[in-house]
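Undergrad: Sequence:
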Amino acid sequence: MVHRPAKVPPSQRLPRRRGQIFLKRVYDPAQTADGHRVLVDRLWPRGLTREAARLRAWLKDLAPSEGLRTWYGHERDRWPEFRRRYREELRAPDKQAVLQALAERARREAVTLVFAAADADRNNAVVLKEVLEGMLEKRVAGAEAGPPRGGRGGRIGRS
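FYI, my numbering numbers position 80 of the sequence shown as 320, with every residue one higher than the one before it.
No lab work stands behind these hints, which were simulated from the structure alone.
Hints may contain errors.
Calculated pairs, BS3-like style, for lysine-lysine (alpha carbon to alpha carbon, straight line, at most 27 Å) [unchecked claim]:
1) K378 - K300
2) K335 - K300
3) K369 - K300
4) K369 - K335
5) K378 - K335
What follows is a list of derived Cβ distance ranges for each label pair [stated by the list, open to error]:
6) E344 - R318: 12 to 22 Å
7) A337 - E306: 12 to 22 Å
8) P333 - G307: 29 to 39 Å
9) D334 - E370: 14 to 24 Å
10) R347 - R327: 19 to 29 Å
11) S305 - E370: 24 to 34 Å
12) K378 - E291: 32 to 42 Å
13) T272 - E315: 19 to 29 Å
14) K378 - L288: 29 to 39 Å
15) W311 - R286: 19 to 29 Å
16) P320 - E291: 19 to 29 Å
Virtual Cβ for every residue (Gly too), placed ideally from N, Cα, C.
With the sequences and hints as input, model every part of the structure.
TA: The structure is reproduced here in C-alpha coordinates:
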(Lines of atoms letter the chains of each structure in order from A; the text may use other names.)
(Lines give C-alpha, C1' and ligand atoms only; values in the text may rest on other atoms or scores of the structure.)
Protein backbone atom coordinates (compact mmCIF):
# COMPACT_ATOMS: atom_id res chain seq x y z
CA MET A 241 0.00 0.00 0.00
CA VAL A 242 1.42 3.38 -1.03
CA HIS A 243 0.74 6.33 1.25
CA ARG A 244 0.72 9.73 -0.36
CA PRO A 245 1.25 12.86 1.72
CA ALA A 246 -2.00 14.71 2.33
CA LYS A 247 -2.32 18.25 1.04
CA VAL A 248 -1.61 20.59 3.93
CA PRO A 249 -4.01 23.54 4.13
CA PRO A 250 -2.28 26.94 4.17
CA SER A 251 -3.39 27.52 7.77
CA GLN A 252 -1.20 24.61 8.83
CA ARG A 253 1.89 25.89 7.00
CA LEU A 254 2.47 28.73 9.44
CA PRO A 255 5.83 28.95 11.20
CA ARG A 256 5.85 26.80 14.33
CA ARG A 257 5.80 28.85 17.51
CA ARG A 258 5.17 28.26 21.18
CA GLY A 259 1.50 28.13 22.04
CA GLN A 260 0.45 26.70 18.72
CA ILE A 261 -1.05 23.35 17.82
CA PHE A 262 -0.63 21.87 14.36
CA LEU A 263 -1.88 18.83 12.48
CA LYS A 264 0.24 16.56 10.34
CA ARG A 265 -0.26 13.25 8.63
CA VAL A 266 2.07 10.60 10.06
CA TYR A 267 3.25 9.66 6.55
CA ASP A 268 4.47 13.21 5.88
CA PRO A 269 8.13 13.84 6.75
CA ALA A 270 8.82 14.92 10.31
CA GLN A 271 10.49 18.31 10.72
CA THR A 272 12.20 19.99 13.64
CA ALA A 273 9.60 22.76 13.42
CA ASP A 274 6.90 20.19 14.33
CA GLY A 275 7.97 20.50 17.95
CA HIS A 276 6.38 17.91 20.23
CA ARG A 277 4.96 15.26 17.84
CA VAL A 278 2.12 13.21 19.31
CA LEU A 279 0.28 10.36 17.56
CA VAL A 280 -3.41 10.59 18.48
CA ASP A 281 -4.76 7.47 16.75
CA ARG A 282 -5.85 4.32 18.56
CA LEU A 283 -4.19 2.02 16.02
CA TRP A 284 -0.56 2.15 14.91
CA PRO A 285 -0.26 3.40 11.28
CA ARG A 286 0.25 0.68 8.69
CA GLY A 287 3.69 0.19 7.24
CA LEU A 288 5.42 2.67 9.52
CA THR A 289 8.21 1.98 12.00
CA ARG A 290 8.47 3.82 15.30
CA GLU A 291 11.78 5.27 14.16
CA ALA A 292 10.29 6.67 10.95
CA ALA A 293 7.35 8.22 12.82
CA ARG A 294 9.70 10.27 15.05
CA LEU A 295 7.11 10.69 17.79
CA ARG A 296 7.53 12.01 21.30
CA ALA A 297 4.38 10.23 22.48
CA TRP A 298 1.53 7.97 21.38
CA LEU A 299 -1.64 9.08 23.17
CA LYS A 300 -3.97 6.33 22.00
CA ASP A 301 -6.16 6.87 25.06
CA LEU A 302 -7.16 10.26 23.60
CA ALA A 303 -8.32 8.59 20.39
CA PRO A 304 -12.02 7.91 19.82
CA SER A 305 -13.38 4.72 21.35
CA GLU A 306 -13.30 1.63 19.16
CA GLY A 307 -17.08 1.80 18.83
CA LEU A 308 -17.09 5.44 17.72
CA ARG A 309 -14.15 4.93 15.37
CA THR A 310 -15.88 1.96 13.72
CA TRP A 311 -19.24 3.73 13.51
CA TYR A 312 -17.71 6.81 11.86
CA GLY A 313 -15.69 4.92 9.25
CA HIS A 314 -14.67 8.30 7.74
CA GLU A 315 -18.09 8.68 6.12
CA ARG A 316 -18.45 12.38 5.36
CA ASP A 317 -22.14 12.57 6.23
CA ARG A 318 -21.36 11.29 9.75
CA TRP A 319 -18.73 13.96 10.45
CA PRO A 320 -20.94 16.40 12.43
CA GLU A 321 -22.26 13.60 14.67
CA PHE A 322 -18.77 12.12 15.04
CA ARG A 323 -17.47 15.50 16.22
CA ARG A 324 -20.28 15.78 18.78
CA ARG A 325 -19.83 12.24 20.12
CA TYR A 326 -16.05 12.48 20.23
CA ARG A 327 -16.18 15.78 22.15
CA GLU A 328 -18.48 14.03 24.61
CA GLU A 329 -15.94 11.21 25.04
CA LEU A 330 -13.21 13.78 25.67
CA ARG A 331 -15.15 15.14 28.66
CA ALA A 332 -14.31 12.00 30.68
CA PRO A 333 -12.11 12.82 33.71
CA ASP A 334 -9.28 10.49 32.64
CA LYS A 335 -9.14 12.16 29.23
CA GLN A 336 -9.34 15.65 30.75
CA ALA A 337 -6.14 15.04 32.70
CA VAL A 338 -4.27 14.08 29.52
CA LEU A 339 -5.78 17.02 27.60
CA GLN A 340 -4.70 19.44 30.34
CA ALA A 341 -1.14 18.11 30.21
CA LEU A 342 -1.07 18.42 26.41
CA ALA A 343 -2.49 21.97 26.53
CA GLU A 344 0.18 22.88 29.10
CA ARG A 345 2.85 21.50 26.74
CA ALA A 346 1.37 23.59 23.90
CA ARG A 347 1.74 26.74 26.03
CA ARG A 348 5.50 26.13 26.14
CA GLU A 349 6.25 24.79 22.65
CA ALA A 350 4.70 23.85 19.33
CA VAL A 351 2.69 20.63 19.48
CA THR A 352 1.86 18.66 16.35
CA LEU A 353 -1.02 16.20 16.52
CA VAL A 354 -0.08 13.37 14.17
CA PHE A 355 -2.72 11.18 12.51
CA ALA A 356 -2.92 8.49 9.81
CA ALA A 357 -6.30 9.28 8.21
CA ALA A 358 -6.26 10.16 4.52
CA ASP A 359 -8.80 12.95 5.06
CA ALA A 360 -6.84 15.80 6.65
CA ASP A 361 -10.00 17.85 7.26
CA ARG A 362 -12.24 15.23 8.92
CA ASN A 363 -10.46 13.13 11.51
CA ASN A 364 -10.12 12.92 15.27
CA ALA A 365 -6.98 15.09 15.31
CA VAL A 366 -9.02 18.00 13.92
CA VAL A 367 -11.47 17.72 16.82
CA LEU A 368 -8.64 17.37 19.34
CA LYS A 369 -7.00 20.51 17.97
CA GLU A 370 -10.26 22.45 18.37
CA VAL A 371 -10.65 21.22 21.96
CA LEU A 372 -7.05 22.04 22.89
CA GLU A 373 -7.21 25.49 21.30
CA GLY A 374 -10.40 26.14 23.26
CA MET A 375 -8.57 25.19 26.45
CA LEU A 376 -5.72 27.56 25.58
CA GLU A 377 -8.15 30.41 24.83
CA LYS A 378 -9.95 29.92 28.15
CA ARG A 379 -6.65 30.06 30.00
CA VAL A 380 -5.66 33.29 28.23
CA ALA A 381 -9.09 34.85 28.84
CA GLY A 382 -8.89 33.88 32.52
CA ALA A 383 -5.40 35.33 32.86
CA GLU A 384 -6.49 38.62 31.27
CA ALA A 385 -9.38 38.92 33.72
CA GLY A 386 -6.94 38.90 36.65
CA PRO A 387 -7.49 37.58 40.15
CA PRO A 388 -10.94 37.73 41.73
CA ARG A 389 -11.71 40.92 43.66
CA GLY A 390 -12.99 41.03 47.17
CA GLY A 391 -10.17 41.26 49.63
CA ARG A 392 -8.61 38.28 51.33
CA GLY A 393 -7.56 35.90 48.58
CA GLY A 394 -10.78 36.22 46.64
CA ARG A 395 -12.81 34.01 49.01
CA ILE A 396 -16.51 34.17 48.43
CA GLY A 397 -19.08 34.29 51.22
CA ARG A 398 -16.81 35.54 54.02
CA SER A 399 -16.39 39.06 55.30
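Undergrad: Among all the numbered hints in the text so far, which are the ones the structure does not match?
TA: 6, 8, 11, 13 and 16
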